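Colleague: Listed here are the chains, written in short residue letters.
There are 2 protein chains.
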Amino acid sequence: MGEVIYGKPVADKITETVKKDVEELKNRGIVPKLAIVRVGAKPDDLAYERGALKRCEKVGIEPQVVELPEDISQDDFIKELHKLNDDEMVHGILVFRPLPKHLDESVIKYEIAPEKDVDCFSPVNEGKLYEGDDSGFSPCTPVAVMEILKHYDVKLKGADVTVIGASNVVGKPVALLLLNEAATPTICHIDTKDTAKASRNADILVAACGVPRLVKENFVKDSAVVIDVGINLDENGKLCGDVDFDNVKEKASKITPVPKGVGSVTTSILARHVVKACKMQTEKLAEALV
Amino acid sequence: MGEVIYGKPVADKITETVKKDVEELKNRGIVPKLAIVRVGAKPDDLAYERGALKRCEKVGIEPQVVELPEDISQDDFIKELHKLNDDEMVHGILVFRPLPKHLDESVIKYEIAPEKDVDCFSPVNEGKLYEGDDSGFSPCTPVAVMEILKHYDVKLKGADVTVIGASNVVGKPVALLLLNEAATPTICHIDTKDTAKASRNADILVAACGVPRLVKENFVKDSAVVIDVGINLDENGKLCGDVDFDNVKEKASKITPVPKGVGSVTTSILARHVVKACKMQTEKLAEALV
Numbered sequence: 001m002g003e004v005i006y007g008k009p010v011a012d013k014i015t016e017t018v019k020k021d022v023e024e025l026k027n028r029g030i031v032p033k034l035a036i037v038r039v040g041a042k043p044d045d046l047a048y049e050r051g052a053l054k055r056c057e058k059v060g061i062e063p064q065v066v067e068l069p070e071d072i073s074q075d076d077f078i079k080e081l082h083k084l085n086d087d088e089m090v091h092g093i094l095v096f097r098p099l100p101k102h103l104d105e106s107v108i109k110y111e112i113a114p115e116k117d118v119d120c121f122s123p124v125n126e127g128k129l130y131e132g133d134d135s136g137f138s139p140c141t142p143v144a145v146m147e148i149l150k151h152y153d154v155k156l157k158g159a160d161v162t163v164i165g166a167s168n169v170v171g172k173p174v175a176l177l178l179l180n181e182a183a184t185p186t187i188c189h190i191d192t193k194d195t196a197k198a199s200r201n202a203d204i205l206v207a208a209c210g211v212p213r214l215v216k217e218n219f220v221k222d223s224a225v226v227i228d229v230g231i232n233l234d235e236n237g238k239l240c241g242d243v244d245f246d247n248v249k250e251k252a253s254k255i256t257p258v259p260k261g262v263g264s265v266t267t268s269i270l271a272r273h274v275v276k277a278c279k280m281q282t283e284k285l286a287e288a289l290v
Numbered sequence: 001m002g003e004v005i006y007g008k009p010v011a012d013k014i015t016e017t018v019k020k021d022v023e024e025l026k027n028r029g030i031v032p033k034l035a036i037v038r039v040g041a042k043p044d045d046l047a048y049e050r051g052a053l054k055r056c057e058k059v060g061i062e063p064q065v066v067e068l069p070e071d072i073s074q075d076d077f078i079k080e081l082h083k084l085n086d087d088e089m090v091h092g093i094l095v096f097r098p099l100p101k102h103l104d105e106s107v108i109k110y111e112i113a114p115e116k117d118v119d120c121f122s123p124v125n126e127g128k129l130y131e132g133d134d135s136g137f138s139p140c141t142p143v144a145v146m147e148i149l150k151h152y153d154v155k156l157k158g159a160d161v162t163v164i165g166a167s168n169v170v171g172k173p174v175a176l177l178l179l180n181e182a183a184t185p186t187i188c189h190i191d192t193k194d195t196a197k198a199s200r201n202a203d204i205l206v207a208a209c210g211v212p213r214l215v216k217e218n219f220v221k222d223s224a225v226v227i228d229v230g231i232n233l234d235e236n237g238k239l240c241g242d243v244d245f246d247n248v249k250e251k252a253s254k255i256t257p258v259p260k261g262v263g264s265v266t267t268s269i270l271a272r273h274v275v276k277a278c279k280m281q282t283e284k285l286a287e288a289l290v
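Quick mapping for you: the protein sequence lines, in order, are chains A and B.
Heads up: the first sequence begins at 1 in UniProt numbering, then just goes up one per residue.
Heads up: the second sequence begins at 1 in UniProt numbering, then just goes up one per residue.
Extracted from the complex, chain A is given alone in its bound form:
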């Protein structure tokens, strides 16, 4: 059976580093602060918020939850965002998406300050991700995938990788991040002719399609590494991933579980991004004061 690779050790290591960074900043009188912008009270948002708040507490980041009414107008929403952009005490801004339909994300995404945009909402950060420019912020979940692969010593350079799912939040960015590490990515999706075949070619298989247990044994090459980004409820209401774990685990050399896999790492990346943002902003401020 393949090794089950858990998210916790990865998250713990990142958390330790971030915690030290926060201590150093606090010694200089700087308190990194994350603003979480939530419209309404969707259960998914609340669940992630709880995790983010816990992580903030662990590392010493000050959180601020900005809860906005579900019927907030676009203008008012943008005003709230601008307030956070202008607030020198706020270093990172996380906006829960998708926003309600009456708020136009294609407009709003231009209104978040790129240097505070810790989860890659702004097209500027998407552009940086595309270019492989690490002065920006890639979305937290794809970065979590990369950190797991690195933590468990999975060779990326030259690896054939198949990514199932082409979303802007996971599939595409994870493919680009892997490409930046010199892997050879193939991106599959609903219109792909033969996803199982493309997957069987992969040394590393990343499932991010949101289909419960889609990935079966016939998708997996012997000794492939399988990363499951899915978080779904099956027909019995049980939490499961995009990978049929029991069916696949014998064939994989390494496999992430759901839960306790990728999802456990995401908020530690968020915390790391807040600290990165904080450092960049305080350095810029220091330069401006010289």
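These aren't lab readings, by the way, just hints derived from the structure by calculation.
Wrong hints could be hidden among the right ones.
Copies of one chain are not kept apart here, so a pair can be met inside one copy or by any two copies together.
For lysine-lysine, the following DSSO-like pairs were computed, each having C-alpha atoms within a straight-line distance of at most 30 Å [claimed, not checked]: (1) Lys13 - Lys251; (2) Lys284 - Lys260; (3) Lys79 - Lys20; (4) Lys150 - Lys101; (5) Lys79 - Lys238; (6) Lys101 - Lys157; (7) Lys197 - Lys279; (8) Lys79 - Lys251; (9) Lys216 - Lys101; (10) Lys101 - Lys284; (11) Lys19 - Lys54; (12) Lys197 - Lys254; (13) Lys79 - Lys249; (14) Lys193 - Lys157; (15) Lys155 - Lys197; (16) Lys249 - Lys150; (17) Lys251 - Lys150; (18) Lys197 - Lys221; (19) Lys193 - Lys216; (20) Lys216 - Lys26; (21) Lys197 - Lys58; (22) Lys26 - Lys197; (23) Lys101 - Lys279.
Because the structure is a prediction, the values reported are computed rather than measured.
Got chain A sorted already, so can you dock chain B onto it with the hints?
Modeller: Below, chain B without anything else, positioned relative to chain A:
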């Protein structure tokens, strides 16, 4: 033997449409204008400039060549760019890249107005390309590839595509544009384990690696469509592509030549982008005046 698919009919069709659009704009008193920013006088830049000027003349776009001294300082370069950003008579700006080394592209790319950036220099347009948001400008060469495929009725949806080359100017954007059309892209590069094998899987093979005649018959699946983006000089100083045309042409169902292939289409895309920029800017101006 496969059908040789030339760029000219594609460019002619696009040119016709653009020409009509320009006439309509001129009837309303608007003259679309493209500023070409060239530092020094590199032969490659001059060659492309000649082509662009010819295309502008054909469709009625007014060109303005801004030739800058090779030793221009970064500040002065940015000032020139800002002048063009602010000039309401200029609708599109093309900056020849790579710039000389003392000019930092990673800084300068933020200084071009995204709405005038007709060849995807700005990270905002890269972000839009990444998202599949067609309010932006993708780089002209990858768009030329897409237009050739569409003109010659190559089915994109569900097609397995291998792109050889992962540059920000061709490889990556062409893969993303193909993904937006529901193809299944694989991106190969220097570290790919077996590029020939990955290529043999492709219904459509796009070569954009800059290696003279790298792609031989063993890279090509029977009846694949082969698109050659390469423009190289071989050891005898003869112009050639990344595909060994004579070696491959029997196996391919359709194949672009070099020259007379992709390169013939690029400036027509540039012209189309200038007109698109002009329309967007005049509409915005009209709205502001209401």
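Colleague: The structure should be examined with respect to each hint, and the outcome stated for every one.
Modeller: Okay, the hints, checked on the actual structure:
Taking CA atoms no more than 30 Å apart as the test, Lys13 paired with Lys251 passes inside one copy only; the shortest distance there is 28 Å, against 53 Å between copies. In this homomeric assembly, Lys284 and Lys260 never come within 30 Å of each other (Cα to Cα): the closest approach is 38 Å inside a single copy and 50 Å across copies. Within a single copy, Lys79 and Lys20 get their C-alpha atoms no closer than 34 Å, and across copies no closer than 42 Å, so neither meets the 30 Å cut-off. Taking the closest pair of Cα atoms, Lys150 and Lys101 never come within 30 Å of each other, the shortest separation being 38 Å inside a single copy and 33 Å across copies.
Proximity of Lys79 and Lys238 under a CA criterion of 30 Å is satisfied in neither setting, with 40 Å inside one chain copy and 60 Å between copies. For a Cα distance limit of 30 Å, the shortest separation of Lys101 from Lys157 across copies, 28 Å, qualifies, whereas the shortest one inside one copy, 41 Å, does not. Neither within a single protomer nor between protomers do Lys197 and Lys279 lie at most 30 Å apart by alpha-carbon distance, with minima of 45 Å and 45 Å respectively. Proximity of Lys79 and Lys251 under a CA criterion of 30 Å is satisfied in neither setting, with 52 Å inside one chain copy and 60 Å between copies.
In this assembly of identical chains, the alpha carbons of Lys216 and Lys101 never lie at most 30 Å apart, being 35 Å within a copy and 51 Å across copies at closest. Taking the shortest alpha-carbon separations for Lys101 and Lys284, only the inter-copy value of 24 Å comes in at or below 30 Å, while the best intra-copy value is 36 Å. In the homo-oligomer, the alpha carbons of Lys19 and Lys54 lie at most 30 Å apart inside one protomer (13 Å), although the nearest pairing across protomers, at 60 Å, exceeds that limit. In this assembly of identical chains, Lys197 and Lys254 lie within 30 Å of each other by CA distance both inside one copy and across copies; the values are 20 Å within and 25 Å between.
In this homomeric assembly, Lys79 and Lys249 never come within 30 Å of each other (Cα to Cα): the closest approach is 49 Å inside a single copy and 59 Å across copies. For a Cα distance limit of 30 Å, the shortest separation of Lys193 from Lys157 qualifies both inside one copy, at 27 Å, and across copies, at 9 Å. Within a single copy, Lys155 and Lys197 get their C-alpha atoms as close as 22 Å, and across copies as close as 20 Å, so both meet the 30 Å cut-off. In this assembly of identical chains, Lys249 and Lys150 lie within 30 Å of each other by CA distance solely inside one copy; the values are 20 Å within and 43 Å between copies.
With identical chains, the CA atoms of Lys251 and Lys150 are at most 30 Å apart within one copy only, with a shortest distance of 21 Å there and 41 Å across copies. In the homo-oligomer, the alpha carbons of Lys197 and Lys221 lie at most 30 Å apart both inside one protomer (10 Å) and across protomers (16 Å), since each shortest distance falls under that limit. Taking the shortest Cα distances, Lys193 and Lys216 sit within 30 Å of each other both inside one copy (17 Å) and across copies (25 Å). Taking the shortest alpha-carbon separations for Lys216 and Lys26, neither the intra-copy value of 48 Å nor the inter-copy value of 60 Å comes in at or below 30 Å.
In this assembly of identical chains, Lys197 and Lys58 lie within 30 Å of each other by CA distance neither inside one copy nor across copies; the values are 43 Å within and 48 Å between. In this assembly of identical chains, the alpha carbons of Lys26 and Lys197 never lie at most 30 Å apart, being 52 Å within a copy and 54 Å across copies at closest. For the homomeric pair Lys101 and Lys279, the shortest alpha-carbon distance between copies (28 Å) is at most 30 Å, but the shortest distance inside one copy (35 Å) is not.
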